[in-house]
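Chains as they are written, first to last, in the working numbering: chain A, 1 to 469; chain B, 1 to 322.
A portion of the hints provided could be inaccurate.
As the list claims (entries may be wrong) - Quick look at which bits of chain A chain B covers, simulated, 3 or more residues with Cβ under 8 Å:
#1 148 to 156
#2 182 to 196
#3 235 to 242
No lab work stands behind these hints, which were simulated from the structure alone.
The beta carbon of each residue, even a glycine, is placed where N, CA and C say it ideally should be.
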Amino acid sequence: MRNQLRVLTIGILLTLGLIIVACAAPTAAPTSAPPTKAPVVEPTKAPAPTAVPAATTAPAATKAPEATKPAATSALAAQAKKLLIGFTASQTGAQQVASKKQVEGLQLWLDDVKKAGGIKLKDGTLYMPEMKFYDDESKTDRVQALYAKLINEDKADFLLSPYSSGLARAAAVVGEQNGKVMITAGAADDVTMEQGFKNTFQLYTPASRYLTGAADMLMKIDPTAKKIAIVYEKDSFSTSVANALKPYAEGKGLNVVMFEGYDTGSTDFSPFINKISATNPDAILGGGHFADGTTFAKQLYDKKTPVRFVTLLVAPPEPTFKDIGDAAQYIIGPSQWEPQVTYSAESAKAANIPYYGPSVKAFTDAYVAKYKDSPSYHSAGGYAQGLLLQKAIEDADSVDPAKIVAALDKMNLMTFYGVIKFSTEAKTHGKQVAHDMVYMQWQKDASGKLITNIVWPLEAKSADGQLRK
Amino acid sequence: MKSLTNPSLWIIWFVVLGVALMPVFGNLPALREELFVLLMLVTLASSVNIIMGYTGYVSFGHIVFFGIGGYTAFYLIQTLQFNFVLAALIGGGIASLIAFLIGMPVLRLRGAYFALATIGINEAFRTLVTNVDALGGAVGMLLQFSVYDAYGGAKSASQLAYYGIILVALLTITASFVIKKSKFGLSLMAIREDQDTAMVLGIDPARAKVMTYTISAFFPALAGALFFFKNGNIEPGPAFELHRSIEALVMVMLGGFGTVTGPIVGAFVYERLRGFLITDPIFSNAHLVISGLLLLIIVLFVTAGVVGWLRQRIPTLRRFLE
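Isolated chain A, as found in the complex (with noise of 0.2 Å):
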């Protein structure tokens, strides 16, 4: 009886110690960006690289000059006016993997302006930015909560948009409710940004865009391709890009002898790999998030599935995607950006546009040695975003919402990320619609290492596509 009162009194204990805890802890503790204890050097109108060399074509990416006079650029911060980026993003649950890239490429771009002495308007008025963000546990019923946090506690002056589109699509009506200027990115299903939406613009290349080339791609590489199998992640993004695909690869003349989707979690794919053996496809097309794209892709091979072409959303230019080793090999996966892309100051002028923001070459290496790691698409999005919001402010030459939503209304330019321009029909107002995709594929270089090539479009690839054996 004794020992019985003695475990129940510390079993209450636990608990009433944990709630006594919990309860005065605050809801949610932001993350804040470090302040940058680089010296400030005098500004520039497009950010100054990290830590990269003069080697750039890029006529913006200029050179950060030699660090001078720490007391002056500790002068000119001082008179900076702050500008708060607002944002979610996934710490924990199901995004957290590209979620936390995107944050990465956006640090990179906070740094690179904080280097460059912040954002300096045409009377001199300058503005230095800082983040703050929380983590929205991928869960949709967090993110309105924390962006309502965002705007009215923190007074954020612009808002980024978390990873993923239900959760950008959940962020962008707070957003709106407000009329908050939010560029979003890792947000790229179609419907979202159908919805009448005034100040929220789309980075990424939308959904029904994604697998369309890759059926063009299949068709130059392998003639001979007649039929494919459509399995897909049965979520909203993966599904939009399903549907877009299907009546696009028919009218292309391919026939679609599967078209199935799987829940959210799957980690058996037997079920559809039999069906797949069993239909003969020559192409699979589809797949969904990360997880179960390189488990999908994984029990491919394992199951030896005689499929020439796989193309697989959003897992494969993820750099953690060659763990699956030689499963990854001839995987292709459509990217939004890829290191090896070719746009450029000459690009820009060939096309009649101006070029904005770094080289692609200075953005990589800025960003590999920060975080000793290559650059997926999800991080160079999260620079993006925050360079087209220099861009605006200093297009606006003012952080008056009203006067950035015009400019990115106007803004049609190149930068290290493609070609950028937004939709300002009122339906779909703030759509992406210049910004192109680019496939990528693992294949093996003369050593045997895995290693990833743009393989299409034509004029952008990096190496000629090659077919499963």
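Guided by the hints, dock chain B onto chain A, whose structure is given.
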């Protein structure tokens, strides 16, 4: 309806309303968003408590009614331009009707079999909705932003949804209180303690259980309708998220199984605890483990939950703390 004049109910109303109106009078939109989620959890936990706390039937998949209400209301608002209040009420009615129809066969099961069946029902509805194109399939549905213009703009619609959730939470608590204090509630508790004995006493368990299940389905459906209306979009995953259902059960166990105030206390404590754990660098990836551990401690040592324990220890509280 004598129970409506009971001071205990008025105390609960006073406290809940006092907290809920803080962001309105203080003009604190961020707090309003947090309290919206909290009041939604109070509604979910209290409705689960109506079936679980009073009859002893553990409804693991109770979130299905949240999804049904959400989808019904969303469809009516988006496609047929219904007012959101009417759409929510219809959503609640449809959820109750479905609960009545599936309750008749399913409530014949006892114990773990019933719990498993409710999980199956939730998954079946999720899969069904995912495959119905009229409901947007896996992509879900979105409201055109101009829909909110009818309510004075999106910001005003969000405010209205908040008033709605306050009302729904209070209604759920009142229903829970009235049932507990009624003769009907006594018959439910008799079923909970020993169904066979209850039958001998003249209680019709099948009828009582189905009626309770039907009532308990109405409130989460209203909450779902308001949540997704405010959210502006609905997808099968978030609408039928089993995880949310399990969290509601934890709240009931934490606060006090079979009490009226227990689910309110449980929802508050759980939400605060969760808020702390997920943002703590040490516990952020283990918040469910810790919540599970906490539940284990309660089930083993404090089976009555926080409110039940207080009632046992401090007899004078029994008059006010239902």
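So, going through the hints one by one against the coordinates:
With 5 residues carrying a beta carbon less than 8 Å from a beta carbon of chain B, the segment 148 to 156 of chain A meets the three-residue requirement, and the given coverage holds. Judged by the Cβ-Cβ criterion of 8 Å, the segment 182 to 196 of chain A is covered by chain B as claimed, because 6 of its residues qualify and three suffice. Here the segment 235 to 242 of chain A counts 5 residues with a CB under 8 Å from a CB of chain B, which clears the bar of 3, and the coverage holds.
Going through the hint list in order, the structure satisfies each hint without exception.
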